[in-house]
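2 protein chains.
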Amino acid sequence: MQAVVVESGRAMVREVAPPVPQSGEVLIKVRLAGICGTDLEILRGYGGFEGILGHEFVGTVAEGKTDLAGKRVVAEINCVCGRCDLCTSGLASHCRRRTVVGINGRPGVFAEYVAVPARNCLEIPESINDEEAVFAEPLAAAFQIIRQVKVERRMKVAVIGTGRLGLLVAQVLATTDCRLTAIGRNPKTLALLDRKRVRTSTVPELKLLNEYDLVVDCTGSPEGLPLAMKLVRPRGTIVLKTTCRGAGEIDWTPIVVNEVTVLGSRCGSFSDALSALAKKQIDVGSMITRRMPLSEGPEALALAAKPDEIKIILTVGK
Amino acid sequence: MQAVVVESGRAMVREVAPPVPQSGEVLIKVRLAGICGTDLEILRGYGGFEGILGHEFVGTVAEGKTDLAGKRVVAEINCVCGRCDLCTSGLASHCRRRTVVGINGRPGVFAEYVAVPARNCLEIPESINDEEAVFAEPLAAAFQIIRQVKVERRMKVAVIGTGRLGLLVAQVLATTDCRLTAIGRNPKTLALLDRKRVRTSTVPELKLLNEYDLVVDCTGSPEGLPLAMKLVRPRGTIVLKTTCRGAGEIDWTPIVVNEVTVLGSRCGSFSDALSALAKKQIDVGSMITRRMPLSEGPEALALAAKPDEIKIILTVGK
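First to last, the protein sequences are chains A and B. Per our numbering, numbering of the first sequence is gapless, rising by one per residue and ending at 326. Per our numbering, numbering of the second sequence is gapless, rising by one per residue and ending at 326.
The shape of chain A in the complex, shown without the other chains (with noise of 0.2 Å):
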C-alpha cells in the first residue's frame, strides 16, 4: 500500500505492506487523514519519530472479528497495556507501555491501511460527514480543556494562537459564558474567528497587564508561556498545550510570585468531540483550506506550514 513515511527529518511516499492486525486490532482502511501541528513538529525532530506519519482521520473498517466491520469510524490514538499501575488506576490514557499512532512506536494514518485496537474505534452517526469527523482527535483534545478547568459565567479567557488548534479551543471555549479574546498573529485565522464573533486581538496591540482569568496557550511556540504568564491574573489558571521541539529558556519566576496554576493538557474525549459535531456547534469546515491525495503528502505537510494555509486534508480512500 501507498504511505506518508517520516525518515531522518524528511517526508516521502513509500510503497509498505499493509498492516497485520494483531490480537484486539481491526484494519481500517482510511478516508480521509488530517495535518497537525505535531506532524509538523514530527518532521522537524520532536519525539525522535520515525516511520508512517499522521494521527488524525477517519476510515472504514475493513476486517476483525468485530461488530464494527464496515463501520465509518475515528479512533483513540493511545493504545494502551490495559495492565500497568496506570491503566488500572483510571489513568490509561498515559500507559507506561503505550504507543501512539503516528507519534510513538506505532505506525500513522497517511496510509491506505491502519490497525488500531478495536477498543480504540467509536462509530460516526451518519449526521457527521467525514470532513468533520476527521476533527475528532484535536476536537476532543480542545474539549478536554473545559474538562480540566471549570470555566464560569463572566470568566475573562484569553486563547493564544489562532493556528488549527487555536481555533477549535477558541470555539469550544465561545460555547461557554466566558468573556473570550482569541489572540494570533495570521490575519486570515482571525478574520475566520471574527465572523463567529469571537472578540481577537494581535499581541501588539494587547496590555500586558495580567488580567486574565484563564490563559490557554496554543501558540506551538516557546514564546507563547512566556506571553501566558503576562495575561494570566495571580492565581489564575494557563492550559498548555504546546508542545514543541527542544527547549525554552525560561524565568518561571512570575508563576511562583504569581501563584499561578499551570495544566498540561494533552489528549482529550473523542466522545466530547462528536457529540459537538452532531450538534454541529463547532464549524471546522471552514478550516479547510486544501485537499490534497495522499500521493502528494510530502507536498501538503511543506504547504501546511505556511501560515496562508489553515487545515490541509489528505484523501486516501472510499
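Treat the hints with caution; some may be incorrect.
[Claimed, not checked] Simulated crosslink set (DSSO-like; lysine-lysine; CA at most 30 Å straight-line):
no., chain 1, residue 1, chain 2, residue 2
1, A, Lys326, A, Lys79
2, B, Lys158, B, Lys215
3, A, Lys79, A, Lys238
4, A, Lys204, A, Lys238
5, B, Lys164, A, Lys158
6, A, Lys158, B, Lys158
7, A, Lys326, A, Lys288
8, B, Lys215, B, Lys37
9, A, Lys164, B, Lys204
10, B, Lys215, B, Lys204
11, A, Lys158, B, Lys238
12, B, Lys79, B, Lys287
13, A, Lys196, A, Lys164
14, B, Lys158, A, Lys238
15, B, Lys73, B, Lys326
16, A, Lys37, A, Lys287
17, A, Lys238, A, Lys314
18, A, Lys238, B, Lys238
Source of the hints: derived by calculation from the structure; they are not laboratory data. This one's a predicted model, so the numbers in the text were calculated from it and none came from an experiment.
We have chain A; now place chain B onto it with these hints.
Relative to chain A, chain B alone:
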C-alpha cells in the same frame, strides 16, 4: 539606628534614620530576624531590591495608636493598598500596588526598627518563644501547600530540597497521612529529617519513574523543576516554591504530555503557622545553627550560603 543594607549586590552595616510610621502603620522594635534563601537570592540580584534587607522577624510594637503597643508580634510581609481590583476581589496578597518588607519597595527587618501596617501584625501567644516566632513567615509559606493541594491519605509525596524551606515543608507534610520522601543532598539536613522519622533520599538514589502524586520543589535552584517533572506521575501535581535569579533552560513538553499540574506557591497564612507553633507540631529550634548580632549581618549572610548552616538568626534587641 543600625541596619544591614544591600547595595549593588553587597550587604553592609549602615547607620540609618529609623523609619517614621505612616498612617495606619506601627513602629516595631525588632527582637530577632531570620536569614532566608530569598535574602541570598536578592544579594545575587533577584528582583533588583536595594535597601534594608530581611523579612523574617519577631519584634515588640514600640509606638502607634494601636492596642498592639508593647505587644510581641510577627507581621505579614505583603503591604497592600486595599483598593485595587485584586485587593477588592479577595487577592490582596497580590495587590497591584503592594510593597513587600525587605523584598520590594519597602525597608526590611535587618534593623533595629521596622514600620509595617498595623493590620499586618499578629500578636504572639506566650507559649511561642522568640526563636520559634521568627519562623512564622517561612512556616506560613510551607503551610500554604496543604491549603493549595488536598493531601490525602497514602498519597505519594516528595519534597525536593532540604534547605531552610524544604525542612519546614517536609515537617508540614509529615503532619498529614501521606507517604513522604524528602530528597536532598545535604547530609546534615537529611540527618535532621531522619531523626524526625521522615524517609529521606539523595538524588542519585532516586528512581526517576514518574510515580509521585505530589512533588514540592523547594530547591531554590533551576534544577528543581526538571527533576520534579521526572518524579511526578501523569496527572500529578508539582508545587513550585523556587524563586531564583534568571532564566532556566527548560523543556516543558513533559508537563503537557503527562498532563501535570504546576502550582506556583509563595506566601501563606501566619495563623496556620502560629497555630502549629503553639501546638509544638513543628520543630524549628533544631534548625537554628547560629545566632549572630545584627552588626555581623554581612558575615551572617555569607555563612548562610554555606551547606553547613541551616538557619542563622540575627539577634537585634529585646
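Hint check:
1. Between the alpha carbons of A/Lys326 and A/Lys79 the distance comes to roughly 12 Å, so the proposed pair stays at or under 30 Å and holds.
2. Under the criterion of a C-alpha separation no larger than 30 Å, the hint pairing B/Lys158 with B/Lys215 is consistent with the structure, at around 25 Å.
3. With a CA separation close to 48 Å, the supplied pair A/Lys79 and A/Lys238 exceeds the 30 Å bound.
4. Of the supplied pair hints, the one linking A/Lys204 and A/Lys238 holds, its CA atoms being roughly 27 Å apart against a limit of 30 Å.
5. Distance restraint check for B/Lys164 and A/Lys158: the Cα-Cα separation of roughly 26 Å lies within the 30 Å cut-off, and the hinted pair is therefore satisfied.
6. Proximity of A/Lys158 to B/Lys158 is assessed by CA-CA distance (about 18 Å); at most 30 Å being required, the pair is judged to hold.
7. Distance restraint check for A/Lys326 and A/Lys288: the Cα-Cα separation of roughly 23 Å lies within the 30 Å cut-off, and the hinted pair is therefore satisfied.
8. Pair hint B/Lys215 plus B/Lys37 does not hold up; C-alpha atoms about 49 Å apart against a cutoff of 30 Å.
9. Distance check on the hinted pair: A/Lys164 and B/Lys204 sit about 46 Å apart at the alpha-carbon level, beyond 30 Å; violated.
10. Under the criterion of a C-alpha separation no larger than 30 Å, the hint pairing B/Lys215 with B/Lys204 is consistent with the structure, at around 23 Å.
11. As the CA atoms of A/Lys158 and B/Lys238 are separated by approximately 28 Å, the hinted pair is consistent with the 30 Å bound.
12. Simply put, B/Lys79 and B/Lys287 have alpha-carbon atoms about 21 Å apart, close enough for the 30 Å limit, and the pair holds.
13. Among the hinted pairs, A/Lys196 with A/Lys164 is consistent with the structure: their alpha-carbon atoms are about 24 Å apart, no more than 30 Å.
14. The straight-line distance between the Cα atoms of B/Lys158 and A/Lys238 is roughly 28 Å, inside the 30 Å bound, and the hint therefore holds.
15. For the hint pairing B/Lys73 with B/Lys326, the CA-to-CA distance comes to about 21 Å; that is within 30 Å, so the pair holds.
16. Between A/Lys37 and A/Lys287 the alpha-carbon distance is near 26 Å, which keeps this suggested pair within the 30 Å criterion.
17. Between A/Lys238 and A/Lys314 the CA atoms are separated by roughly 28 Å; this keeps the pair inside 30 Å, and the hint holds.
18. For a cut-off of 30 Å, the pair hint linking A/Lys238 to B/Lys238 stands: about 27 Å separates their Cα positions.
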